[in-house]
Amino acid sequence: MTRWSVTAHARITAAPDGRGGTALPELAGDGPLALRRSRDRVTVVGAMAAPLGGDRLRLDATVLAGARLRVGTAAATISLPGRDGAESVYDVTLTVEDRAVLHWLPEPLIAAAGSRLRTTTRVELAEGARLVLREEQVLGRSGEQPGALSTRLTVRRAGRPLLDQELSFGQAAPGWDGPAVLGGRRAVGQLLVVDPAFEDKPVAARLLDRDDGLDGSHASDGGDALVTPLAGPAALVTAVARDALTLRRLLDEGQREVVGAPW
Amino acid sequence: MSTHPAPPPPPAPAPAPGGAARAALLVLADGRFPAGGHAHSGGAEAAVRAGGVHDPDSLEHFCRGRLRTAGLTAAGLAAAATAGLDPLVLDEAADARTASPALRATSRKLGRQLMRAARAAWPGPALDALAAARPRGAHQPVVLGLAAGTAGLPPHDAAHIALYESVTGPATAAVRLLSLDPFAVAAVLARLTPDLDRAAEAAATAARAALHDGVDALPAASAPLLDLAAERHARWKVRLFAS
Numbered sequence: 000m001t002r003w004s005v006t007a008h009a010r011i012t013a014a015p016d017g018r019g020g021t022a023l024p025e026l027a028g029d030g031p032l033a034l035r036r037s038r039d040r041v042t043v044v045g046a047m048a049a050p051l052g053g054d055r056l057r058l059d060a061t062v063l064a065g066a067r068l069r070v071g072t073a074a075a076t077i078s079l080p081g082r083d084g085a086e087s088v089y090d091v092t093l094t095v096e097d098r099a100v101l102h103w104l105p106e107p108l109i110a111a112a113g114s115r116l117r118t119t120t121r122v123e124l125a126e127g128a129r130l131v132l133r134e135e136q137v138l139g140r141s142g143e144q145p146g147a148l149s150t151r152l153t154v155r156r157a158g159r160p161l162l163d164q165e166l167s168f169g170q171a172a173p174g175w176d177g178p179a180v181l182g183g184r185r186a187v188g189q190l191l192v193v194d195p196a197f198e199d200k201p202v203a204a205r206l207l208d209r210d211d212g213l214d215g216s217h218a219s220d221g222g223d224a225l226v227t228p229l230a231g232p233a234a235l236v237t238a239v240a241r242d243a244l245t246l247r248r249l250l251d252e253g254q255r256e257v258v259g260a261p262w
Numbered sequence: 000m001s002t003h004p005a006p007p008p009p010p011a012p013a014p015a016p017g018g019a020a021r022a023a024l025l026v027l028a029d030g031r032f033p034a035g036g037h038a039h040s041g042g043a044e045a046a047v048r049a050g051g052v053h054d055p056d057s058l059e060h061f062c063r064g065r066l067r068t069a070g071l072t073a074a075g076l077a078a079a080a081t082a083g084l085d086p087l088v089l090d091e092a093a094d095a096r097t098a099s100p101a102l103r104a105t106s107r108k109l110g111r112q113l114m115r116a117a118r119a120a121w122p123g124p125a126l127d128a129l130a131a132a133r134p135r136g137a138h139q140p141v142v143l144g145l146a147a148g149t150a151g152l153p154p155h156d157a158a159h160i161a162l163y164e165s166v167t168g169p170a171t172a173a174v175r176l177l178s179l180d181p182f183a184v185a186a187v188l189a190r191l192t193p194d195l196d197r198a199a200e201a202a203a204t205a206a207r208a209a210l211h212d213g214v215d216a217l218p219a220a221s222a223p224l225l226d227l228a229a230e231r232h233a234r235w236k237v238r239l240f241a242s
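Top line first, the protein sequences correspond to chains A and B. Quick note on numbering that gives the first Met the number 0: the first sequence kicks off at 0 and runs consecutively. Quick note on numbering that gives the first Met the number 0: the second sequence kicks off at 0 and runs consecutively.
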């Protein structure tokens, strides 16, 4: 690796444009986090390989009351080792106000061999906010041992905790590939849907793996997924799979189960 | 049981100085303490059926993962309850840290059973108040932490008990489910003790931080396969263990 570590802070703010569409009063890319827009959609385009060991990246997105925003990435994010084995940090803060909708659907995060990355995603939702958020982690590129990766997802709604989960993989996380955590699989992901409509009509817990025995006792080969209602008005799809493609298929299927009509 | 509305639980009493309550640690951590834990396998029964746990080595791998995820998260909540954080806030934090409804139900059921035993053993206003506020059961680690505090134990000891339970449950269950050699399983537990001590330290440190920074400072480590296995297990018609 040839470049020095960088510190970058990108910002997005979405507001209603008064004509039923979305305005972006703030769209500020920084360093490796270049931002491109089209209508109500923002794409994070990697302007350089990142995160690299030692990088400190931050991305804040705010969806003001009544606005809609979709954010994705142009490609998978690959966590790479830096010059001195330093850890990199990627912090995302998402704020969604009342009657606002955020679709946060980045491509997978891949932990390359020797990398060390810690990500935090903090989400603050107003009571009337809606959210679809997907996170996918792939442990190592094809055929390699993964680096160290820890991801924390903290979601608060109306100021109270709704979901708080941390996943850690690699050497510093004993048992990560064992039968309690990933069972030797290399791709794991979650899709979270928060919608006040779930207050009255929560989803039912349901397994999505298809090659099960009738009693659901056996894990399938390619992957397993689960839809669960959280303790608040939200549904979580959790999937573990042998590769990124299978993972995405399971999460997509979960999303269709949870979100009937697109919103 | 009082029918009056519950006052907010007062903070747990300060721990006895100098580890004077050490024997209480043994009573509370003992598998024979009548808190209902023996009926639960901590996900081991589902992992055995799925083939992931089949011998002492795979059991150790399972337990190492469980210790560092569900165990550490429970230990942080327990230590924070002992340290005096509001148990109802911790109960909500436990909900947010438990994505599986089957695991939320199990944790509350075990919390209710532990509450009954703990109030008999170490009666006190903190346990009474939580029992009144959560009549169907608070999350088990929160009850454990309050019980430890009432018994005069420090947060670090509450973390140790939560972590110890997180591996002894699966280990004992695996002996029964797989007819494993009990000596080999005792050796597995012995090999886990350095990890367990480190996790207890981390949980106690996080609990101290949470006194100032709130519950977000507590561990939230999760394990996807434990969630999947719990939901699968809850759907079986016939099973040896309740979870």
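Since the hints were derived computationally from the structure, they do not count as laboratory data. The C-beta atom is built at its ideal place from N, Cα and C for all residues, glycine as well. Don't take each hint at face value.
[Stated by the list, open to error] Stretch-level coverage of chain B by chain A, calculated; a stretch enters the list once three of its residues show a Cβ under 8 angstroms from a Cβ in chain A: (1) 54–66; (2) 155–167; (3) 209–218; (4) 227–240.
How the hints compare with the structure:
Only residues whose beta carbon comes within less than 8 angstroms of a beta carbon in chain A count, and the stretch 54–66 of chain B has 8; three or more means the coverage holds. Requiring three or more residues with a Cβ within less than 8 angstroms of a Cβ of chain A, the coverage given for the stretch 155–167 of chain B is violated, as only 0 such residues are present. Counting residues of the stretch 209–218 of chain B whose CB lies closer than 8 angstroms to any CB of chain A gives 3, so the stated coverage by that chain holds, three being the minimum. Against chain A, the stretch 227–240 of chain B contributes 6 residues with a C-beta closer than 8 angstroms to a partner C-beta. That satisfies the three-residue criterion, and the hint holds.
Hint check: a violation occurs at hint 2 only; the rest are consistent with the structure.
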